[in-house]
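Line by line, the protein sequences give chains A and B. So the first sequence is numbered by the working numbering: it starts at 1 and just counts up by one. So the second sequence is numbered by the working numbering: it starts at 320 and just counts up by one.
Hints in this document: simulated from the structure, not taken from any laboratory. Just so we're clear, the structure is a prediction, and the values are computed from it rather than from any experiment. Backbone N, C-alpha and C define an ideal beta-carbon position, used for all residues, glycine too. Hints should not be assumed to be uniformly reliable.
[As the list claims (entries may be wrong)] Some chain B residues close to chain A (C-beta under 8 angstroms, calculated; not the full set):
hint	residue
1	L328
2	Y358
3	M361
4	I370
5	L371
6	L374
7	D377
8	F378
9	V382
10	G389
11	S486
[Stated by the list, open to error] A few chain A positions that, by computed beta-carbon distances, are all more than 12 angstroms from chain B:
hint	residue
12	V15
13	A52
14	A58
15	G109
16	A118
17	V122
18	V124
19	D213
20	P259
21	A277
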Amino acid sequence: MSDPAGVLRLLFLAVVGVGAVLMGGVYAVEVLDRLVGRAVARMPLRLAEAAAAPAREAGLLLLQRRTVTERPDAALWALAPALLGALAAAALVVIPLSPALALPDIGSGIVYFGAAMAMVMVAVYVHGWSANSVFPIIGAYRFIAQALSYEMPLALVLIAAALPAESLSVGDIVRSQSGIWNVVRQPLGLPLYLIAGLGLAFWGPLNFPDAADLAGGTRAELSGAALLLWHASRSAVLVAVAAMGAAAFLGGWLGPWLPGAVWMTLKTIALLLVLLAAGHLVARVRLERFVIVAWTVLIPLALVDIFVSGLLALRGAGR
Amino acid sequence: MEQDGERVLSDLVFWLAGAVAVFTAWRVFRTDSMVRAAYWLMASFVAVGVILVLLHADFLGLVLLLMMAGEMTIMAIFMVMFMMNPAGLNPMMMVHQHRTSIVAGVVAFLGLAAVGVFAVFPVALAVPTPDTTAQLGRELLGDSMLVFETAGVALFATMIGAIAIASERGRYGTADEGSVEPPAELTNGGAP
C-alpha cells in the first residue's frame with residue numbers, strides 16, 4: 001500500500017470501482033424515478049420503456065447543440081457540472097460496500113464525506129453565477145440560503161451516528177451497529193438526514209435552485225451535453241446521500257444470509273426509493289418556509305438527537 | 320525501498336499542492352471579480368488542506384475543506400452585498416493602495432523568509448501516533464479550552480459588530496433613526 005505501484009493500483013481500483021458504482025447508481029436513479037412516478041400515479045409501470053428511456057434521452061441531449069449566453073464565465077460554467085459529479089464520486093470513496101469491497105478506510109471518513117458535500121454549495125452557486133443570466137443567478141442565491149439551512153442538521157445527525165462508534169471512520173460506524181442499527185437507537189437521525197439529503201441533492205420538494213418557477217434556475221441556460229452532465233451529477237449526489245444513509249443508519253453491509261455487498265445495495269436502493277417517492281408525493285414548499293422550519297425545528301431536533309446519542313454513548317462507555 | 324517510494328510520493332504531492340497553493344493565491348489578486356477571487360482563495364485553501372493531510376493532521380485538513388466551502392461562498396456574498404457592483408460579475412479592480420501594499424508584502428515576505436532560513440526548528444524524531452484526532456480533541460476541550468472558547472466568542476462578537484457598523488446606513492434611512500420599510504399599500508395617490 002505504501003509503495004508507488006501499490007498506490008497507483010489503488011487509484012486505478014478507486015477510479016474503476018467508484019466509476020462503476022456511480023454510473024450504475026445514476027442510471028438506477030433515472031429508471032427508478034420513472035417507475036416511482038408511474039406507481040404513484042397508478043399507471044402501468046412499462047418496465048422496458050423505463051429502462052430504455054434514460055439512454056434515449058441521454059443520446060438526444062448529446063446530439064443537441066450547446067446554447068451560449070452573453071459573456072459567461074466560460075471556464076467556471078463548463079467546470080461546475082463536472083465539479084458536482086466529482087464531489088459525488090469523492091463522497092462515495094469512503095462508503096464501503098462490504099468489508100471486502102472497500103477502499104482503505106480513512107480515519108476521518110465521515111468528515112471527508114461532509115467536506116465533499118459542503119463543496120456542493122460551491123458547485124451549485126458557481127453554476128448559477130457563471131452563466132451571467134438572470135434566472136440562473138437567482139437560483140444560485142437561493143441555494144446558498146437553502147444550503148446554510150440543511151448543512152447544520154446534516155452534519156449534526158452524522159456526528160450523532162459516529163458517537164456510538166467512538167470513531168469517525170465509516171467502517172467503524174457500520175460495525176458499531178452490529179447489535180442494533182442507528183435507525184432504531186437514534187430515531188430522529190434518519191428522517192432528519194433524509195430531509196437534509198433532499199436539500200443537498202436539491203431534489204423534489206427541496207429543488208429550489210433549479211425550480212420550475214425560475215424556468216429551470218441554474219440550468220435555465222443549459223442544453224446538450226452540459227445539461228446531461230448536470231442532471232447526472234445531481235442524481236449522483238442523491239446516490240451518495242442514499243449510500244451514506246444506508247451505511248450510517250441502516251447498518252451498511254450487516255445482515256443475514258446474503259453477502260454484505262448485496263445488503264448494502266438493497267438498503268441504498270430502499271433509501272433511494274424513499275427519496276424519489278418524496279419527490280413525487282410531497283409538494284414543493286416555499287424557500288422561506290423551509291429556511292424557517294430548518295432553523296427552528298430541524299436544527300433543534302438534530303441537537304436533541306446528538307445530546308441523547310452522546311448521553312447513551314457515555315453511559316455505554318462507563319459500563 | 321518501500322520507505323523511499325512512500326517518501327518520493329509524499330514529496331511529489333507536497334510540492335504539487337504547494338505550487339497549486341501559491342499559484343491560486345496569486346490569482347486571488349489578479350482576477351477582476353469578487354466571486355472569482357473568493358474561489359481562487361478557496362482553491363488555495365484546498366491545497367493547504369492536502370498538505371495538512373500529508374502532515375498526518377487529516378482531521379484538520381478535512382475540516383479546513385469543509386469550512387472553506389461555506390466560508391468562501393458567504394464571503395463572496397457579503398462582498399457582493401456591501402459593494403456597489405450588485406451581481407459581482409462585472410469586472411472591477413481588486414487591489415488598491417498599491418505602494419503601501421507592495422511595501423507591506425515585501426516586508427512580510429522577507430520577515431517570514433528570514434524566520435524560515437535562520438530559525439532553528441526543533442526536530443521531533445517521534446513517529447506521530449495514528450490517532451491525531453483524539454489528541455486534538457483532548458487539547459481543544461482540555462488544557463486549551465479557555466483559550467479557544469475566548470477566541471471563539473471574541474470572533475463572534477467582532478462579526479456581529481462589523482455587520483452592525485457596515486449595515487448602519489440602510490435603504491430606508493439609518494439604523495439608529497429606525498430604518499422602516501414604507502407601507503405596502505399606496506398612499507398619497509401613489510406619489511412617492
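Each hint tested on the structure:
Hint status for B/L328 relative to chain A: holds, with the closest Cβ pair at about 5 angstroms, below 8 angstroms. The criterion of a C-beta within 8 angstroms of any C-beta in chain A is met by B/Y358, whose closest approach is roughly 7 angstroms, and the hint holds. At its closest, the beta carbon of B/M361 sits 7 angstroms from a beta carbon of chain A; the interface hint therefore holds under the 8 angstroms criterion. Because the smallest distance between the Cβ of B/I370 and any Cβ of chain A comes to about 15 angstroms, over 8 angstroms, the interface hint for this residue is violated.
Evaluation of the B/L371 hint against chain A yields a violated restraint, the C-beta minimum of about 11 angstroms exceeding 8 angstroms. The interface hint given for B/L374 is broken, as the beta carbon of that residue sits about 14 angstroms from the closest beta carbon of chain A, more than 8 angstroms. Against a cut-off of 8 angstroms between C-beta atoms, the interface hint on B/D377 holds, since the closest Cβ of chain A lies about 5 angstroms away. The criterion of a C-beta within 8 angstroms of any C-beta in chain A is met by B/F378, whose closest approach is roughly 5 angstroms, and the hint holds.
Using the Cβ-Cβ criterion of 8 angstroms, the hint placing B/V382 at the interface with chain A is satisfied: the shortest such distance is roughly 6 angstroms. With 8 angstroms as the threshold, the beta carbon of B/G389 comes within range of chain A, its nearest partner Cβ sitting at about 6 angstroms, so the hint holds. With its C-beta approaching chain A no nearer than about 18 angstroms, B/S486 sits outside the 8 angstroms limit, and its interface hint is violated. With 12 angstroms as the threshold on Cβ separation, the claim that A/V15 sits away from chain B holds: the shortest Cβ distance comes to roughly 17 angstroms.
At roughly 38 angstroms from the closest C-beta of chain B, the C-beta of A/A52 stays outside 12 angstroms, upholding its exclusion from the interface. Under the 12 angstroms C-beta cut-off, the non-interface status given to A/A58 relative to chain B holds; the minimum distance is some 29 angstroms. For A/G109, the non-interface assignment is contradicted: its Cβ lies about 9 angstroms from the closest Cβ of chain B, within the 12 angstroms cut-off. Under the 12 angstroms C-beta cut-off, the non-interface status given to A/A118 relative to chain B is violated; the minimum distance is some 4 angstroms.
The beta carbon of A/V122 sits about 5 angstroms from the closest Cβ of chain B, which is not more than 12 angstroms, so the claim that it is off the interface is violated. The Cβ of A/V124 does not lie farther than 12 angstroms from every Cβ of chain B; its closest approach is about 10 angstroms, which violates its non-interface assignment. Annotated as non-interface, A/D213 keeps its C-beta farther than 12 angstroms from every C-beta of chain B; the closest such distance is 20 angstroms. Non-interface call for A/P259 relative to chain B: holds, since the shortest CB-CB distance, roughly 30 angstroms, exceeds 12 angstroms.
For A/A277, the non-interface assignment is confirmed: its Cβ lies about 30 angstroms from the closest Cβ of chain B, beyond the 12 angstroms cut-off.
The structure does not agree with the numbered hints 4, 5, 6, 11, 15, 16, 17, 18 stated previously, though it agrees with the rest.
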